[in-house]
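A.B. asks: Sequence:
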Amino acid sequence: MQNTIHTLKKGEKAIIKDFDIELIPLKLLEMGCLPGNLVELLQIAPFGDPLYLDINGSHVAIRVETAREIEVELIKNNL
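Counting from 1 along the sequence shown, just add 154 to a position and that's the residue number in my numbering.
No lab work stands behind these hints: they were computed from the structure.
Among these hints, one or two may not hold up.
As the list claims (entries may be wrong) - BS3-like, lysine-lysine: derived pairs with alpha carbons at most 30 Å apart: (1) Lys230 - Lys181; (2) Lys230 - Lys163; (3) Lys164 - Lys230; (4) Lys181 - Lys164; (5) Lys181 - Lys167; (6) Lys171 - Lys230; (7) Lys163 - Lys181; (8) Lys181 - Lys171.
Start from the sequences, fold in the hints, and give me the full structure.
C.D. replies: Here it is as structure tokens:
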């Protein structure tokens with residue numbers, strides 16, 4: 155199974171690996187959602203959408219449908 159931002163649990167950190175650039179909003183790319191950058195799931199909205207993230211120091215909220223398109227690699231030492 156491929157890990158995506160959508161599969162992260164609250165507090166988990168990961169490195170962005172890959173995504174289809176056509177499916178990601180330009181504003182998200184401008185805010186640092188790029189391969190190689192660190193992402194942490196900070197909070198999940200009460201009904202599960204949107205997800206509140208820290209992406210390389212920028213705090214952003216993204217839709218679950220977008221989060222499912224961004225492949226990540228988990229950082230092993232999540233505490």
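A.B. asks: Please go over all the hints and tell whether each is borne out by the structure.
C.D. replies: Hints and how they fare:
This hinted pair checks out: Lys230 and Lys181 have alpha carbons roughly 29 Å apart, not beyond 30 Å. Between Lys230 and Lys163 the CA atoms are separated by roughly 13 Å; this keeps the pair inside 30 Å, and the hint holds. Note on Lys164 and Lys230: the hinted pairing holds, with a Cα-Cα distance of about 15 Å set against a maximum of 30 Å. Restraint check for Lys181 and Lys164: the C-alpha separation of about 23 Å stays at or below 30 Å, so the hint holds.
As the CA atoms of Lys181 and Lys167 are separated by approximately 21 Å, the hinted pair is consistent with the 30 Å bound. Proposed proximity of Lys171 and Lys230 is supported: the alpha carbons are some 15 Å apart, at most 30 Å. For the proposed pair Lys163 and Lys181, the alpha carbon gap of about 24 Å is at most 30 Å, so the pair holds. Straight-line distance between C-alpha atoms of Lys181 and Lys171 comes to about 18 Å, which keeps the hinted pair within the 30 Å bound.
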